[in-house]
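Q: Sequence:
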Amino acid sequence: MKTINYTGKNVTISFLPYGDIKEILAEPILINQYIGTEIDGSINNLYLRVYQDDSFKTYPLLGKNSTSTCEFYESKVCWSGQIDDIFYQVTFRLSEHDNWFFTIDLMGTDKQVDVIYGQDLGLAAKSIVLTNEAYNSQYIDHSVYQTETGYTVCSRQNMEQEAGCFPMVQQGSLTKTIGFVTDGYQFFGREYREDGRLQIEKESNLPNVVYQYEMAYIGLQSTKLSLSEDSQSVIFYGSYITNHPEAVTDPIKTERELMQDFEHVMLSSAGTTQTLSRPGSTHIELLSGRELTDSEIETLFPKRKLEEIKAGKLLSFFDAQDYHIVLKAKEILMERSHGHIILSGEEETIDRPVLASTVYMNGLFNAQIVYGNTTMNKFISNSRNPLNCLKKSGQRLYIKRHNEWQLLGMPSAFKMGFNFATWYYQLSDDLISVTSYTTPNSRMLKFTVTSHNKVHYDWVTTFDVVMNDIEHTDSVKMMKNGPLISFEPTEQAASYNKYPGLRYDIKLKTPFYLVSMEDFFGVTDTDNLIGLGFTETDTVELTINGTLSAEPFEEDHVSLSEASQSYDTYIANLSNHFHLEHINQAKVDKVNSLVKWYTHNMLVHYLSPHGLEQYGGAAWGTRDVCQGPVEYFFAMEKPEVVRSILLTLYAHQFEDDGNWPQWFMFDRYEEIKAAESHGDIIVWPLKVISDYLHMTKDYSVLEELLPYANRQTGKQSAEKESLLEHIEKQISYLTSHFLPGTYLSSYGDGDWDDTLQPADQTLKKNMASSWTVALTYQTLRNFSQIMVDYAQDISQRMNEIAQGIKHDFHQYMIQDGVISGFILDNGNQTYEAIVHPNDQRTGINYRLLPMTRSMIAELISPEEVVKHYDLIQTHLTFPDATRLMDQPAHYAGGVSRNFKRAEQAANLGREVGLAYIHAHIRYVEAMAKIGKTEETWSNLEKINPIGLTELIEHASLRQANAYFSSSDGAFNTRYDAQNQFNQLKTGEIEVKGGWRIYSSGPGIYLHQLISQVLGIREDYESMIFDPVLPSELDGLLLTYQLGKRKLNIRYHLTNTVHKLLINGKLVETKHNSNQYRQAGLVVSKEQFNQWTKEGENEIEIFIGEM
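For reference, each letter of the sequence shown is one residue, going 1 to 1106 in the UniProt record's numbering.
Since the hints were made in silico from the structure, they are not lab data. Please note that the accuracy of each hint is not assured.
[To be verified] Mimicking DSS-like on lysine-lysine, the simulated pairs with C-alpha atoms at most 27 Å apart in a straight line are:
#1 Lys305 <-> Lys330
#2 Lys400 <-> Lys507
#3 Lys202 <-> Lys477
#4 Lys498 <-> Lys715
#5 Lys900 <-> Lys942
#6 Lys1093 <-> Lys932
#7 Lys224 <-> Lys202
#8 Lys57 <-> Lys253
#9 Lys391 <-> Lys498
#10 Lys697 <-> Lys1044
#11 Lys697 <-> Lys1085
#12 Lys867 <-> Lys985
#13 Lys126 <-> Lys253
#14 Lys477 <-> Lys391
#15 Lys509 <-> Lys480
#16 Lys509 <-> Lys303
#17 Lys764 <-> Lys806
#18 Lys1085 <-> Lys1044
#19 Lys1044 <-> Lys1059
#20 Lys202 <-> Lys392
The structure displayed is predicted, hence computed values, not measured ones.
Between the sequences and the hints, there should be enough to build the whole structure, so can you do that?
A: Shown next as structure tokens:
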């Protein structure tokens, strides 16, 4: 991609041919966030707003989206033109002090104008920014100061970059400003997805509010100017500071020194010029569907349930197949655009990779199409911007109407099935539908376009081809053979040596031609954008195919109806045909639909690791896979799948010390893995083994021969040892990392809460997490119990360690009757409580995780349970979720004192906001353990995204078929959160949904629902019926398939006598073990199989008080 570059001391600013900024780089720091392209231009720009009476018009001044003529000189860039009888010239200069200036000179008569400046920010190593823009934005702290000329915005990167630096940018004006914004959501607005119009085109004033969110973007507004024949100027500046280790409290550079620098660069010689006039306008308008009428909704979607209505307006619903339909009215209100990930193949293990595509309601029909590795094996690019600002990405569709090309944007309705998505565009004279769907048996994706009124149009569909892990590389080889177009990676691609047979094909059923993207968009470089044109047709059909082994293309002729029906059956079979019935059917229908969608979400996390916001991934988190997928398959009585997972896990154990990486890629990119891990990671694989053996008593798994991972190369070793030998090495590591003289595991790089990694690296060995200790106790105790019949010596040794842990937990970790979050070994056998009422360091008093895990592990006494239950209710229970701690870590400009991310994140989201849904689900598990019937079902309901606002009135709208990983208080800044955190308890502050889908949460949720709350589980010798349900669900009927047995389980929840009837006959039972409550009914598998039969079975559970 051709660029014209200007360099200061450290900063280089690269321009594209028509004057858009491609990137602002201070190696290795990418100062802007989004790489500009000739297709999209750049999302940073200057805008002239011309006022007339009470209205105004907005005009971009820079680059391809403007009408400016651009001239490149040796030391400056100039854009000039005429708008509404106003003559303007914009001049860019970069000084040797890494200050850059935009001067806007304006001349006109009797015109009132202002100028808006907009600049996106990355402020991190380029690789970090491009890994996830939203995540990076959460760590950029914006502080705003009023100066003589108006507003100055300082933006500091709070995450330490290379060489220990914290880069910063200061932006402001040398002329008068009256407004600012700090996030792109303020600048572009949510409705931008629908109409393509900026918020600054609709609102005359910027809001002057610091908003710390996920699209770092600085906007500045000049004061109004009354133009005359004399030129008037507006001057904006940006200034890069390489390192600012402390919190920002004032602008770093004064206006005086900036003015001196500006005057100096004004004196520099301009040098020679290169003029490039922008060609004729290629601006393409968005085409959005109009809102559907009631009769049109009835025609398209006659069978509806779980309708979401706000202010009398229908927003979304589900249909009879539990497909989710969203109407345009809801999408406009959403901060997070509705998205979906569709998978090809119907797999239960990772042995056969799947093909995946991510789609978005806003007109992104396919993106991040990947076969196998979701990072390295990309065919087309992913969506990098939630507001649809970058329209080159993924696959797009253009239609020619009334002799004008238009880009299909927001539809009238968006329908999501488990393996497909359909966009409905209701126009004034036609209904157009677009569908992307995957096939069940092949690795194909079908794309169809239909005019329902049989109107013939010209169409162009574009693909932003990547064939690599990131865009903008020369890594694509394209071949055309009749209706088949194939794409292979070149040597520059990450996949080239790993998957030499990787290829993607597009097979066209509709006659087509290759479109010149240079002509279509009026550019000089299309950056691997491919266009396919179709002339005068009412349908478009094509197939996208993936192969990892250079197999020839072979069409899989399967219709949408056939593919979706097959995938529906796959989801139903995986979830054992789960179905609830109750007199209050709407209440349980939410759960019926959610079980199917959370099964889908779990499969994405397990088979194709990535999400909507977290589009990178491609790896298993060791802790994550040991929870979500493992617990799902345990709940669905599929231990054979768990067996395959644990064998993969142990094949990635480090050979040198027996520990695991925090995460690892499980395909041919196996050498890509984390070098270190948190202190709890060592425990999770052993917990999976223990739980698997308790369910199956399949001791043969311990004799499986498995390799290790070499820490230096990352590759698997040639030598193999038995799984039991792997476990011995694992236990050796675990016991060698206790705090000296104790049985308490050292903290290492952290525990489950990633935000609480210690800022002081010496604390790694001197701290211990009470949550990790409780988990370790539970795992070793259970492993000891199940190993009695296989290896008594191991069993006895594990029991001795477990008892040592229990003793030391009570001796050191419970102080004044309260479990501390952590303890710090200060030497001389003195242990300081951290996150505890006695804590003098953090000011945080209570931590949820160790309390709930201690209950789940049965590590504390019934009396201690009562006390900690009361503490949770008093300090950690909020209307929307149970929070990780009673207050967030202290924030002071993003500088870490005790913890890293908890004190660095400028945005109160994800774990930082403390309402992490994964932890709330574990709270439900603890409540089931101690028999709190009124806490289990209700707390699952409050995190079910379907109909959420009916239960949580201050909850924002959520995508109803996608797991949200956190419930985030809608505070603009961390300082607001610190001052007003209690308003979350009172419901005065709105709570928003966090990142979606890519989480172990969906699998854990369904495990708690089925195994703990509905209480259906088994071990190697027994069936267990142990429900913990509120009396309001008396009479609930669960239909559940176990093998060839269909069980209709009826719950009677108000009886004083506990009993079990199978097919009308009273069955002898005993009570399960639980020190906290009267546990459920246990029947031997022998008896169960004797009293049940293939086909339908009626089971009645009579159970009352716990």
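Q: Starting from Lys764, check that the Cα of Lys806 is at most 27 Å away, please.
A: 22 Å, holds
Q: Could you grab the alpha-carbon distance between Lys509 and Lys303 and see if it respects the 27 Å cut-off?
A: 33 Å, violated
Q: Under the criterion that the straight-line Cα-Cα distance not exceed 27 Å, is the pair Lys1044, Lys1059 satisfied?
A: 25 Å, holds
Q: Is the Cα-Cα distance between Lys477 and Lys391 27 Å or less?
A: Satisfied, since the Cα-Cα distance of roughly 23 Å is no more than 27 Å.
Q: What's the verdict on Lys509 and Lys480, does the C-alpha distance respect the 27 Å limit or exceed it?
A: Given that 27 Å is the threshold and the Cα spacing comes to 14 Å, the pair holds.
Q: With the threshold set at 27 Å, check whether the alpha-carbon distance from Lys126 to Lys253 stays at or below it.
A: Cα-Cα ~25 Å, so holds.
Q: Are the Cα positions of Lys1085 and Lys1044 separated by 27 Å at most?
A: 15 Å, holds
Q: Given the hint that Lys697 pairs with Lys1044, test it: the Cα-Cα distance must not exceed 27 Å.
A: 22 Å, holds
Q: Starting from Lys900, check that the Cα of Lys942 is at most 27 Å away, please.
A: Violated - the C-alpha atoms of Lys942 and Lys900 are around 30 Å apart, more than 27 Å.
Q: Below or equal to 27 Å on CA atoms is what counts here, so check Lys202 against Lys392.
A: Between Lys202 and Lys392 the Cα gap is close to 25 Å, so the pair holds against 27 Å.
Q: Are Lys224 and Lys202 close enough, with their CA atoms no more than 27 Å apart?
A: Within the cut-off at roughly 16 Å; holds.
Q: With a cut-off of 27 Å on the C-alpha distance, tell me whether Lys305 and Lys330 pass.
A: 16 Å, holds
Violated hints, in rising order: 3, 5, 6, 8, 9, 16; the structure is consistent with all others.
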